[in-house]
Amino acid sequence: MRSGYLFGAALAAALAALAVYPTYGTGYGVRAMLQLFMWVALAGSWNLISGLTGYVSFGHVAFFGMGSYTAALLVANAGWPWLAASLAGGATACALGLVIGYPCLRLKGPYFAIAMLGLNEVLRALVSYFEGFTGGGNGLSLPTLDATVSVYYAMGLTAAVIIVLTYAIITSRFGLRLMTIREDEVAAEAMGIDTFHHKLGALLLSAVGPGVAGALMARDQGYIEPISVFPLAITVTMIVMALFGGKGTVFGPVLGAVVLFVAQEIVWASYPYFHPLLFGAIIVAVVLLMPRGVLGLLQQRYRLPRTI
Amino acid sequence: MNVVITPTMVGQVVISGILSGALYAMVALGLALIFGVMRVINIAHGPLLMLGAYATFFLWQGLGINPYLTLPLSMAALFVVGVVLQRALVFRVVAAPELSSLLLTFGVSIALVNLAQLSFTSDLRAIEYITGSWILGPFALSKSRMIAFVTAAAITGGAFVFLKTTRLGKAIRATSQSREVALVCGIDVNRIHLITFGLGTALAAAGGTLISVIVAIQPEMGQIWTFKSFLVIVLGGAGNYPGALLGGILLGLVEQLASLFLTTQLSEVVAYVLLVLVLLVRPTGLLGGRQT
Chain A
0 MRSGYLFGAA LAAALAALAV YPTYGTGYGV RAMLQLFMWV ALAGSWNLIS GLTGYVSFGH
60 VAFFGMGSYT AALLVANAGW PWLAASLAGG ATACALGLVI GYPCLRLKGP YFAIAMLGLN
120 EVLRALVSYF EGFTGGGNGL SLPTLDATVS VYYAMGLTAA VIIVLTYAII TSRFGLRLMT
180 IREDEVAAEA MGIDTFHHKL GALLLSAVGP GVAGALMARD QGYIEPISVF PLAITVTMIV
240 MALFGGKGTV FGPVLGAVVL FVAQEIVWAS YPYFHPLLFG AIIVAVVLLM PRGVLGLLQQ
300 RYRLPRTI
Chain B
0 MNVVITPTMV GQVVISGILS GALYAMVALG LALIFGVMRV INIAHGPLLM LGAYATFFLW
60 QGLGINPYLT LPLSMAALFV VGVVLQRALV FRVVAAPELS SLLLTFGVSI ALVNLAQLSF
120 TSDLRAIEYI TGSWILGPFA LSKSRMIAFV TAAAITGGAF VFLKTTRLGK AIRATSQSRE
180 VALVCGIDVN RIHLITFGLG TALAAAGGTL ISVIVAIQPE MGQIWTFKSF LVIVLGGAGN
240 YPGALLGGIL LGLVEQLASL FLTTQLSEVV AYVLLVLVLL VRPTGLLGGR QT
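As they're listed, the protein sequences go chains A and B.
Under numbering that gives the first Met the number 0, the first sequence has 172 at position 173, and the numbering climbs by one with no breaks.
Under numbering that gives the first Met the number 0, the second sequence has 274 at position 275, and the numbering climbs by one with no breaks.
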């Protein structure tokens, strides 16, 4: 119990520090934290579908790009305020999740994973094809606006909402049903769980976060193009973070995002070409040696509660 | 686009579709074999095809070997790579939940593509060995595609005969039908797994060799092939090996027709829509169920 309070206090202190950080931090620092929030939001969202139900998404960047393009088009062409456009980005990403999830999640097995594998290529091709509307390979520029600090708070809030949502799900009956599907889908069905709608629900929830995060990044960068918002590398990075920290836990994706992001900024920035090789190796190593991730290992060893 | 579409053009497109269909079928058969026997979808299937293409390129460029004669070499080399992969990594997750094998082979695929970028650079490389077409009435048959078609059809046919008639082929089919019963019958299941992974990878390598003579190759060429192979399996019906042939030809036709009526840019989009539609309407595949 005591450690519970301690954990709560540390969490509150960290949140307070992050809330006042833009007042004291450097421009670079705020940007870096903004990116860290984005990774927390992405890894946390991936965790909602893949960590909880065991259905691997190899294309979550599609939701990110969907949100980016929705928001950029609404801001640049329709003059929407960026905050409203970001919410719209979350909504269209969610709609995309429905279009993919409805046919693919009715089936058990690898169909969903493979369908997601091709999705970002398809969206990239569509964006390039409808260049009159999307700007194609030339990209889209948003009106200039220095909103880094506001985007910092919006992104931080997005990440926080996703973590709180994960906690709420893991401690709910809905979450237990999702985890039952992960452990044994046939048994879950036999127990009367409507597995299709549960999986679909998890996917829709996990699509919103990347949509909003993509929209916010579009606002912060001020310019997007197909290559910058649909790269496989974003999917790979969020998967590595969630796996490393511990999939299926509340704070695993946060831990993974922080550790790998810091490592990336400090150490690996000098070796950009080796990134994918390293990440591929980490995925293989975690799957074989540490399937529950760092947090899962700590949970087991120190008997920490399942709900962190 | 105000191009008039003539019957000759449609005929030409149908021919091209069938020509690429055999290639799709062969590569997809490799993925289907591994999936059938181990229930593992090998995400690295496409990147392994890419390695096969590079094997041919370097044998041709470095040693001056006729690219078509490198076929057995590239298949043998990738057979070994497949066996090593299975022995070192994949066998550990065969019995684990699907998530593990998907993630593991995904990690391998990312690493392979990056390794290829580091060792071979991302430059486009082409084998200029055979160009031009044979003219048959109003139709032109690209020589390299025609050779690829015949070779792929022969290899696919050979694989079917192998699976149907040889003791090893029967053991592979038995293992894919029931691992337990195969074990009881005295089949060394782990050895079958090794051989199957090697064979599946060799089929991907054959695809890589044939493609390298048709189009320019680069490290990222492979990933789309994992997706396409899976689509071919879904079209033909998972676990139904002859279905792969139908699925491959269907995918080839759809892609070619899409490039005629829409644009080549959208051929992948059309393939994707096809996957989603099939999953929606007939998830067991066009030929239905599992009949190995």
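In case anyone wonders, no lab produced these hints; they're calculated from the structure.
Treat the numbers as computed from the prediction; the structure is a model and nothing was measured.
Be aware that a few hints might be false.
Covered, in the sense of this in silico footprint (three residues per stretch, anywhere, with C-beta under 8 Å from a C-beta of chain A), are these stretches of chain B [said to hold, decoys possible]:
hint : region
1    : 96 to 108
2    : 112 to 122
3    : 202 to 213
Derived DEER-like restraints, expressed as beta-carbon distance ranges [unchecked claim]:
hint : chain 1 : residue 1 : chain 2 : residue 2 : range
4    : B       : R281      : A       : A18       : 50 to 58 Å
5    : B       : S121      : A       : L14       : 40 to 48 Å
6    : B       : V180      : A       : L175      : 50 to 58 Å
7    : A       : G131      : B       : S121      : 27 to 35 Å
8    : B       : L279      : A       : G28       : 22 to 30 Å
9    : A       : A94       : B       : T165      : 32 to 40 Å
10   : B       : I223      : A       : A18       : 42 to 50 Å
11   : B       : T262      : A       : G28       : 43 to 51 Å
Glycine residues also receive a C-beta, built at the ideal position from the N, C-alpha and C atoms.
To see whether the hints hold, each was checked on the structure:
1. Counting residues of the region 96 to 108 of chain B whose C-beta lies closer than 8 Å to any C-beta of chain A gives 11; at least three are required, and the coverage claim holds.
2. Under the rule that three or more residues need a Cβ within less than 8 Å of chain A, the assignment of the region 112 to 122 of chain B holds, with 5 such residues.
3. Counting residues of the region 202 to 213 of chain B whose CB lies closer than 8 Å to any CB of chain A gives 0, which falls below the minimum of 3, so the coverage claim is violated.
4. The hinted window of 50 to 58 Å between R281 of chain B and A18 of chain A holds, with their beta carbons roughly 53 Å apart.
5. For S121 of chain B and L14 of chain A, the hinted distance range of 40 to 48 Å is satisfied, since their beta carbons lie about 43 Å from each other.
6. The hinted range of 50 to 58 Å is not satisfied by V180 of chain B and L175 of chain A, whose Cβ atoms lie roughly 36 Å apart.
7. Between G131 of chain A and S121 of chain B, the C-beta spacing of about 30 Å keeps the proposed range 27 to 35 Å intact.
8. Distance hint for L279 of chain B and G28 of chain A: a CB-CB separation of about 48 Å, inconsistent with the stated range 22 to 30 Å.
9. Checked against the hint of 32 to 40 Å, the C-beta distance between A94 of chain A and T165 of chain B comes to roughly 51 Å, which is inconsistent with it.
10. Evaluation of the 42 to 50 Å hint for I223 of chain B and A18 of chain A yields a pass: the beta carbon distance comes to about 45 Å.
11. For T262 of chain B and G28 of chain A, the Cβ-Cβ distance of about 46 Å falls inside the hinted range of 43 to 51 Å, so the restraint holds.
Hints 3, 6, 8, 9 from the list above are not met by this structure, while the remaining hints are.
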